[in-house]
Each structure stands twice: as structure tokens, then as C-alpha cells.
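Please model the entire structure based on the sequences and the hints provided.
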Amino acid sequence: MCFCIVVTFSDLTAQFLPTYLRTYRKHTGLTQTEVAYVLGINRSDLWQYETSRREPSLRVLLALQILYRMPLRKLFAGIFLQCRGATLQRLRRLRARLVKVGKHKQSSLHMQKLDWVSMRLGVSTPALL
Amino acid sequence: MNRRRKKVIRILALDLHPASFGYAVVENADLLDWGLRKWVARDPVSVKKKLCRLIDEWQPTYVLIREGTLRREYRAVQAAARQAKVPIRELSREAVREAFQPGKRLSRFDIAERVVDRYPVLTSRLPSQRKLGYGEPFQVRMFNAISVAIAFHRGPCDCVQLDPQSDGNVGTRDFDLLQ
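From first to last, the protein sequence lines stand for chains A and B.
Numbering-wise (the working numbering), the first sequence opens with residue 1 and increments by one.
Numbering-wise (the working numbering), the second sequence opens with residue 1 and increments by one.
To be clear, the hints were calculated from the coordinates, so they are not data collected in a lab.
Take the hints with a grain of salt, since some may be wrong.
No farther apart than 27 Å at their CA atoms in a straight line, the calculated lysine-lysine pairs in the DSS-like style are these [what the hints assert, rightly or not]: (1) B:K50 - A:K26; (2) A:K26 - B:K104; (3) B:K38 - B:K49; (4) A:K74 - B:K48; (5) A:K26 - B:K49; (6) A:K26 - B:K38; (7) A:K105 - B:K48.
Keep in mind it's a predicted model, so treat the numbers as computed, not measured.
Shown next, in the form of C-alpha cells:
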């Protein structure tokens, strides 16, 4: 039997769990109560973060990163991919808008913005004239 | 940029018993979660509730169980998997043993030791060897579930795919999903 699987970006996002906090905690051997104490939150809050019922605040996110020594993109793989997809899509739209406006009005600031956005997207800056 | 990504396959492996079950969640080769759950014997509602919670939390690609599961518990898994639209796969005991040491008959404890070699994080959960006249340690169920998941990931095996809608007797063979 042969399987041909085409993986699209949305599939990939769906494949990863929103958060892997429980996995990282279990690998340390710590209990929810202990981790919650270190983070300075309630155990029920941690449970909600681990089961994706709620998203943690910036301070808790930073504390989690310090505790597990893991980047947030690994701790929250699913949410990270979702967020990256949406951000890059909006950046592409912004670039298209900058290109459109640049055809009528050109300034060094405008070209600087377009250069940076194009570089961030990994594409070349278009020749506007 | 042409970057090929491997498909993520997350498995919820179960070792079912009349009053408890061991479970393991494995994503490709990474052990995500493991543990033991007790349930009220002969109460399908409590069984289904606990299984549904696990399936909801881990969103597995497959639910994996070992062949020869008790009928009542099997039905409960089937009902939970059907509700979550997750296919069930079954793996024979021989396939599990073969995955760990081909040609040698290993005990459950030997397999548990090999599981610990692979995932040292489980060292503290390894039960002491069973003595004559004593029951099987509770934790062995968890190791059984992990061993089934490892055997599934090891590749070609006599794994039977079961449709959650069917009665669980007829299935199509699936060999090369992970390649």
C-alpha cells in the first residue's frame, strides 16, 4: 500500500499540539504544584495552561522559558506555527501595499521599509521604476 | 527554500485492564506523556469519560491497543475513538516482543527495562521484579503501553487498522505509513 501525503501549512499547524508544557514538566519529574510554586501561580492556572484552556501572561511565559531552558517556539509549537503563518501573511500583504504605493511616491524611508520587509520575507526588493 | 518536513504522527497507546489502564502518548519517537488511570470496573461511562479526556488533550493520530484486549474495555475504547473520529490500531503481542528482541521470549519486566534504557526519565517508575505469589505491579501497565507505541514506531509489523465504525474484527493491513 502506498501513501502519498501532501502536507500543507495548515495541516502542519494542526499536527502540532498548541502546547507541550506537560511533556516538558513530566520530563523534569516535577509535579504541577511544584512547577506552579516556581512560576508563582496557582496549580489550577498551570493545569489550564497545560491543557490549552488558557494562554499564560508574558511574565509566566518568561518564567517558563527560564525554568525549562526552552524557547517559546518549542514550548508552544502549535501556537507558534499558527502565529508565524498569520504574521508572515500580513507581512506579505504589507509588502504588496508598499510596492503599490511606491509606484507613485518614492522616498528613502519608503525604500528602506520595502528593503527590510523584502529581506524579512526572503525575497528581492522589486524595481519600482 | 525546499525543506521537507516529516509528518507528525502522534499515538495514544493503551494497556487496558478491567479496573485500570496504562497509557503513553508518543509523537514520532518522542515520549510526550505517560501514566496510569483507574476506573470503576464494569462502568462504561467512567471508562469512556477518562479515555475521551485523554483523546481530547492529546489529539492522537491513532489510538493503539494490544491484541487480546478484554471485550468490554475494547468497546469503551471503540466508543471513545468513534466520538473523536480517531482510528484504532491493534498490535499483536508477538510484534511487541519482536520489536525489542527478535527470536527471544522476553517477559514484561524485561521489556520494561528496555523501555527505561530508551527513555531514562522513566527509571524512577520501573517496578521491582514480581515475586511468586504476588500480583503484577500496577506500573507495568504503563510500560506495556509504551512498549506497544515503540513497537508501532519501529516500522513494518503486523499492525491491523480498524475502522472505529466497525466491530473491530475486519481491518486492512498497513505497513509503511511511517516511511
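Hint compliance check: list the failing hint numbers for this structure, sorted ascending. 2, 4 and 7
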